[in-house]
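*Asks:* Residue numbers (my numbering), protein chains in the order written: chain A, 179 to 426; chain B, 1287 to 1725.
Please note: incorrect hints may appear among the correct ones.
[Said to hold, decoys possible] The calculated lysine to any residue pairs, modelled on SDA-like cross-linking and capped at a C-alpha distance of 25 Å, are:
| no. | chain 1 | residue 1 | chain 2 | residue 2 |
| --- | --- | --- | --- | --- |
| 1 | A | Lys223 | B | Glu1696 |
| 2 | B | Lys1577 | B | Leu1611 |
| 3 | A | Lys208 | B | Ser1409 |
Derived by calculation from the structure, the hints in this document are not laboratory data. Source: prediction; values computed, not measured.
Residues per chain are reported as follows:
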Amino acid sequence: MSRPKVAFFDFTSCEGCQVEIANFDQDLLKMLQAIEVVEFREIMKETCSAPLDIAFVEGSFSREKDRARLQKIRQRSRLVVAYGSCAATGGINALKNHKPVYKYKVEVYGADATLPHLETQKALPISAAIPVDLAIPGCPVNRDEFVRLVSDLLHGKAPTIPNYPVCMECKKKENICRYELGDTCLGVVSRAGCGALCPSHDTPCEACRGFVDTPNLNSLVDVLVKGGMQPAYARIKAQMFTANLVEE
Amino acid sequence: MGQKININLQHVTRVEGHGNIIVNATNGKLERCEWQVPESPRFFESMVRGRHFPEIARITSRICGICSVGHQLASVKATEKALGIEISEQTDKLRRLLKHGENFDSHILHVYFLVAPDLLGVSSVMPLAASHPEVVKRALAMKGVGSRWSGIICGRSTHPVRIVPGGFSKLPTKAELLELKKLILDTVPDVKATAETLQSLADRIPAFERKTEYVGLVDSVEYGLYDGRIGCLMPDGQRTLLNVEEYRSVTNEWVSPLSTAKYTRHQMDSYMVGALARINLNFQQLHPEAKKVAESLGFSVPCYNPYMNTVAQFIEAVHSAYAGLDLIDSLLDAGLREEEVPPIQPRAGRGVGAVDVPRGILFHDYEYDESGLCLSANCIIPTNQNHANIQCDMDQLVPAMIRSNKSQAEMELSLEMLVRAYDPCISCSTHYLDITFVK
């Protein structure tokens, strides 16, 4: 059986999810026995004209002119996987969405802000431009989860991403709750799957994987305030990685 | 003569981020020669405004997935200066050890995955897996060491989870440091094999020289990476040292219509940052083992060939491996102490942090209000500082290639290799965070 042809593409992002894939060490060679990477601009000069089985897309959709490139990728590919939080939810890029476009352009580029190549718009998930078959959250993407989900896709199994909060995984790790330590934490409403990585390293969860499907955000604000946060800040606290999911 | 050159490389491959090379020439007359940076702007400066100080390094880390360790370190250093936070000697050593890990990791990635295919005459590392499996296995093993090195110290090499203002939220154990020591020692044969491979390919590195200014950290403690003052080296050998707070007098940014990232200039039309700049400034502080490798590769300073940046990176990777071993011994000899990060009282203030990340000197500059909310930020990224130098190199290289009747394909490859030699981190450089207040 021929290996499925896959390609990697990047849009507005730090390209850290690609780096995480490169960090597989010798397992990368094993993975290459299961898939054939035919296009990956960051590490390859080659391009491919044959149809793709999977297109992996990293980064947010943040410029109208990127829409055509995304549509072309969609046309070429049987499956499109948005991987990493920028692609899945808009991720960190969406933190700017709460500011008027003109204002942040002037803040960054001053009088030159009107130059046409500085065009930008709200940072949105890839699904805002094209239909995606799977969105894998995480900043950066979790290597093991990535392999599991891709393997599920290739074997025709429905890929599942946890829909319970990080607290579940944190408790299983027997970590002391950040709130008990006088800190605050977003693990209560954040989508698990990372193994409660940050609290396990004694730092709070910042919800890099987005929220569970039905987060109680009013209750989150109450909990943050009880934890000692100023109410005004508690209301915007979760915007760091979930700006597209939080009301103004 | 008489040929028409029409190079239009949209999105140069095997570089981080998006850059274009455009060259047009007719009958030996150059009409256009441009290095363009069309990366999507991200506006990190706006993102951090109004955010609380413990979050800032976690946000600015996301500027770059390859040098997120360096961004976090520059970020917490700036915050520590602004808020008057002291760090312990142990934290200082651990951060230096971490910085060497990032340097090793990133340089191996660049040398093997992005540059080596050009030297071996292939399009990417993919065909090498079949033709040179031992080289690819070695590359992946070394890359793995780099990534685990950072992971042991800061929890994860891409967007670390333990670096906080004041120190580390959690420390590696003695056993983990011993494991790291073994990892580095076990990679020494691979390092030696890499030196031999590079030696055998050295004649494929283009000979091109252009005198320019070199800028990088100069540190009294060690080879400039984690800390120090801004060193500027001119072609006549004149050296200037400036405090990091004076960084704006070096970077002098300007907006080019070719780029979403800003350009910089100091004492000449452009300057270069990165491994070649650091090694030109700090050669004497290299570890003796790294100096030996430099000698075996025929490398000496001052070196004005930008293509040699790759060689300088490898020499630095050797330096980082041995300097890392020394730091681990020093940490273990002193006895690893369980240190709590002291509670931080926010205060109004401004601070600048500089580190020399794999691609060059990086500045983070923040201003906080009395409650610890960020009022303004400015980050100047290494690749930003190299864009103008790449353009100046092209301005000298392209006419020379036209004069010597190079074919379009040869010119294309030389220009791609030039851009790759700089190891540009373009997506990073347009995450430019300078702020000009609206009057």
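*Asks:* Now, for every hint given, state plainly whether the structure supports it.
*Replies:* We went through each hint and held it up to the structure:
Simply put, Lys223 of chain A and Glu1696 of chain B have alpha-carbon atoms about 16 Å apart, close enough for the 25 Å limit, and the pair holds. About 16 Å separates the Cα atoms of Lys1577 of chain B and Leu1611 of chain B, which keeps this hinted pair within 25 Å; it holds. Proposed proximity of Lys208 of chain A and Ser1409 of chain B is supported: the alpha carbons are some 21 Å apart, at most 25 Å.
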